[in-house]
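J.: The numbers in this note's numbering rise by one with no breaks, and the one at position 554 of the sequence shown is 554.
Heads up, a few of these hints could be off.
Label pairs and their computed distance ranges (CB to CB) [said to hold, decoys possible]: (1) P456 x T585: 31 to 39 Å; (2) M282 x L591: 30 to 38 Å; (3) L426 x L627: 45 to 53 Å; (4) D423 x L240: 48 to 56 Å; (5) M618 x I502: 28 to 36 Å; (6) F417 x L509: 52 to 60 Å; (7) E372 x V412: 28 to 36 Å; (8) L240 x T398: 34 to 42 Å.
Keep in mind that the hints were calculated from the coordinates and are not lab data.
Think of the CB as a built atom: it goes at the ideal place given N, C-alpha and C, for glycine as much as any other residue.
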Amino acid sequence: MPKNSKVTQREHSSEHVTESVADLLAHQEPVDYKRSVLNVTGDTWDKQKEGDEELEAENRPAWNSKLQYILAQIGYSVGLGNVWRFPYLCQKNGGGAYLVPYLVLLIIIGLPLFFLELAVGQRIRRGSIGVWNYICPRLGGIGYASCLVCFFVGLYYNVIIGWSIFYFFKSFQYPLPWSECPIVRNGSVAVVETECERSSATTYFWYREALDISNSISESGGLNWKMTLCLLVAWSLVGLAMIKGIQSSGKVMYFSSLFPYLVLVCFLVRGLLLRGAVDGIMHMFTPKLDKMLDPQVWREAATQVFFALGLGFGGVIAFSSYNKQDNNCHFDATLVSFINFFTSVLATLVVFAVLGFKANIMNEKCVVENAEKILGYLNTNVLSHDLIPPHVNFSHLTAKDYNEMYRVIMTVKEGHFKELGLDACLLEDELNKSVQGTGLAFIAFTEAMTHFPASPFWSVMFFLMLINLGLGSMIGTMSGITTPIIDTFKVRKEVFTVGCCIFAFVVGLIFVQRSGNYFVTMFDDYSATLPLTVVVILENIAVAWIYGTKKFMQELTEMLGFRPYQFYYYAWKYVSPICMAVLMTASIIQLGVSPPGYSAWIREEAAEKFLFYPTWAMAILISLIILASLPLPLVFILRQFHLVSDGSNALSVTYKKGRMMKDISNLEDNDETRFILSKVPSETPSPMPTHRSYLGPGSSSPLEMSAAPNGRYGSGYLLASTPESEL
Numbered sequence: 001m002p003k004n005s006k007v008t009q010r011e012h013s014s015e016h017v018t019e020s021v022a023d024l025l026a027h028q029e030p031v032d033y034k035r036s037v038l039n040v041t042g043d044t045w046d047k048q049k050e051g052d053e054e055l056e057a058e059n060r061p062a063w064n065s066k067l068q069y070i071l072a073q074i075g076y077s078v079g080l081g082n083v084w085r086f087p088y089l090c091q092k093n094g095g096g097a098y099l100v101p102y103l104v105l106l107i108i109i110g111l112p113l114f115f116l117e118l119a120v121g122q123r124i125r126r127g128s129i130g131v132w133n134y135i136c137p138r139l140g141g142i143g144y145a146s147c148l149v150c151f152f153v154g155l156y157y158n159v160i161i162g163w164s165i166f167y168f169f170k171s172f173q174y175p176l177p178w179s180e181c182p183i184v185r186n187g188s189v190a191v192v193e194t195e196c197e198r199s200s201a202t203t204y205f206w207y208r209e210a211l212d213i214s215n216s217i218s219e220s221g222g223l224n225w226k227m228t229l230c231l232l233v234a235w236s237l238v239g240l241a242m243i244k245g246i247q248s249s250g251k252v253m254y255f256s257s258l259f260p261y262l263v264l265v266c267f268l269v270r271g272l273l274l275r276g277a278v279d280g281i282m283h284m285f286t287p288k289l290d291k292m293l294d295p296q297v298w299r300e301a302a303t304q305v306f307f308a309l310g311l312g313f314g315g316v317i318a319f320s321s322y323n324k325q326d327n328n329c330h331f332d333a334t335l336v337s338f339i340n341f342f343t344s345v346l347a348t349l350v351v352f353a354v355l356g357f358k359a360n361i362m363n364e365k366c367v368v369e370n371a372e373k374i375l376g377y378l379n380t381n382v383l384s385h386d387l388i389p390p391h392v393n394f395s396h397l398t399a400k401d402y403n404e405m406y407r408v409i410m411t412v413k414e415g416h417f418k419e420l421g422l423d424a425c426l427l428e429d430e431l432n433k434s435v436q437g438t439g440l441a442f443i444a445f446t447e448a449m450t451h452f453p454a455s456p457f458w459s460v461m462f463f464l465m466l467i468n469l470g471l472g473s474m475i476g477t478m479s480g481i482t483t484p485i486i487d488t489f490k491v492r493k494e495v496f497t498v499g500c501c502i503f504a505f506v507v508g509l510i511f512v513q514r515s516g517n518y519f520v521t522m523f524d525d526y527s528a529t530l531p532l533t534v535v536v537i538l539e540n541i542a543v544a545w546i547y548g549t550k551k552f553m554q555e556l557t558e559m560l561g562f563r564p565y566q567f568y569y570y571a572w573k574y575v576s577p578i579c580m581a582v583l584m585t586a587s588i589i590q591l592g593v594s595p596p597g598y599s600a601w602i603r604e605e606a607a608e609k610f611l612f613y614p615t616w617a618m619a620i621l622i623s624l625i626i627l628a629s630l631p632l633p634l635v636f637i638l639r640q641f642h643l644v645s646d647g648s649n650a651l652s653v654t655y656k657k658g659r660m661m662k663d664i665s666n667l668e669d670n671d672e673t674r675f676i677l678s679k680v681p682s683e684t685p686s687p688m689p690t691h692r693s694y695l696g697p698g699s700s701s702p703l704e705m706s707a708a709p710n711g712r713y714g715s716g717y718l719l720a721s722t723p724e725s726e727l
């Protein structure tokens with residue numbers, strides 16, 4: 001090194017060192033090591049390739065507006081789970097008391113990890129594969145695992161959109177086809193369909209007319225052609241929305257993200273005007289405080305937070321990668337997280353207003369049926385007329401009068417009461433019948449809507465809302481596949497998107513067999529939960545412990561123009577990894593304690609029955625978990641033993657239009673080595689001062705260095721790992 005260089009002068013000076021490598025480099029002429037004699041990698045400088053890379057970085061698609069981006073993130077994170085999963089968990093786990101653990105875990109787990117994914121996507125401007133290759137090449141399998149999980153989830157999620165499309169088109173008739181049991185003719189005699197009579201009209205329509213379901217997962221029964229056509233329509237919608245990337249999907253989001261809120265508000269207003277709606281809402285938010293001490297409640301709240309925000313899928317990273325680097329992603333993370341929460345609460349209000357109305361209808365039906373039984377017993381002298389309170393009028397019998405009469409009969413006929421077969425007909429019992437998922441959307445809610453005035457209108461609105469909720473989530477899920485693959489392998493966007501949709505439709509035919517609903521249950525329960533938990537833990541570790549939390553916070557400061565709260569430092573480094581590890585352990589224990597099984601609809605019994613998966617189905621189930629997790633150890637081994645290149649021996653500095661995109665300076669062992677992050681002069685300037693104190697060798701280095709004594713030339717250089725395109 002020349003004697004008059006600043007580094008040499010610093011070594012021989014006894015003065016306090018205040019200049020950093022960043023300050024030194026700021027006064028030096030830009031050097032491109034690929035073009036100079038300092039190129040130790042053996043890579044030749046390809047002017048055309050470098051120009052292509054710069055052009056690609058410059059021409060990366062971008063959102064048309066901040067609103068479009070926010071709507072895309074909201075559309076992705078707010079999905080079907082907000083409508084049919086959150087209300088069920090709220091009811092099951094203590095009503096209003098469940099909101100406390102959910103909100104606490106949203107703040108200490110959900111928000112920090114959501115902010116982390118937004119930040120790395122925006123900073124590095126690549127899909128999940130490129131992001132994790134950049135941060136830690138040995139953990140590059142995170143991106144591939146995310147893509148696989150997105151594929152598995154997309155396969156069955158689009159089937160649910162197909163079901164909604166089927167119900168949507170069936171809603172254009174009055175009366176609704178699931179409002180009454182069908183009549184079958186046996187010769188000259190007309191009778192009600194037995195399966196429907198023994199269950200209910202909406203249950204029969206769902207299992208027999210829509211799914212035509214088999215008795216078990218082992219009975220395939222062939223393809224259901226109606227659902228096959230609906231699945232084709234669903235994949236066509238997704239393909240058209242995705243074919244031009246964010247140029248097409250961004251415009252779709254204006255409708256698919258906002259329309260569900262319009263429907264929810266309309267349903268809330270209509271629901272509050274229904275008789276019994278207040279009973280449902282009061283039941284929903286009456287807190288059962290003892291539930292807050294139950295660990296199971298906290299586990300389920302953590303799982304819901306985790307999936308509600310779409311963490312680990314890669315969709316959040318993909319959407320964020322199309323942002324400008326000075327975008328305030330901290331504001332975005334906070335806004336989307338709490339909009340997601342309030343959407344869940346809004347959906348819960350709607351669901352239980354409607355279910356409160358349904359509970360009152362069913363309770364009145366119960367009172368009428370049992371009153372007829374009592375009249376029969378009175379006419380046959382099984383019961384004495386003296387047992388009936390004098391003010392009771394059977395022609396206008398209220399639930400209160402029936403309950404009073406029921407208690408009197410139960411007290412007097414204590415020994416023979418069960419033989420009478422009378423039901424208590426309590427509103428509380430109806431409200432406690434918890435339903436979730438398809439049972440809520442396609443059975444309970446559809447049954448309630450049959451009692452609405454102008455029921456076809458509300459049915460069309462409801463299922464159009466489900467289609468839009470599903471479509472918004474599917475666009476994000478598919479972006480978690482297409483963006484990283486297109487970024488990494490440079491395939492043509494339109495060709496890959498169409499090919500991906502066609503392939504997914506063909507594979508998805510397994511879900512439109514007569515036994516397809518059981519495969520949907522299997523994939524929903526096991527294909528994503530455990531692999532995604534592992535993925536998010538590794539994402540957290542890669543940023544906080546391998547890349548370095550201090551360095552990441554410093555880069556966020558320079559990128560955002562302000563320093564994020566210190567809360568995030570401790571959340572990323574300690575709180576979130578520990579909480580996620582506990583969640584993963586609890587999930588594994590839950591898998592071991594609860595034998596894998598599914599609820600099968602038995603046609604002869606007209607009822608659901610829990611069955612265990614057969615051996616071959618267990619093999620598929622285990623294969624799903626292994627296959628989704630396989631890229632993690634596979635990529636680590638391949639890169640740990642240098643079986644594939646990870647770009648870790650690239651040593652270069654690239655400049656473009658006066659901006660240093662990456663600055664990796666390999667000076668001496670005791671010198672600070674850091675990224676030099678700067679902005680285009682027109683962009684918001686960095687808040688960091690130009691003059692920085694030298695941190696010393698004991699401080700946290702902003703760039704992890706890896707020794708390569710047996711590198712390509714065995715020269716023992718310390719080589720930094722960075723990608724070559726603009727990040």
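J.: Output the indices of the hints that this structure fails to meet, ascending.
T.: 1, 7, 8
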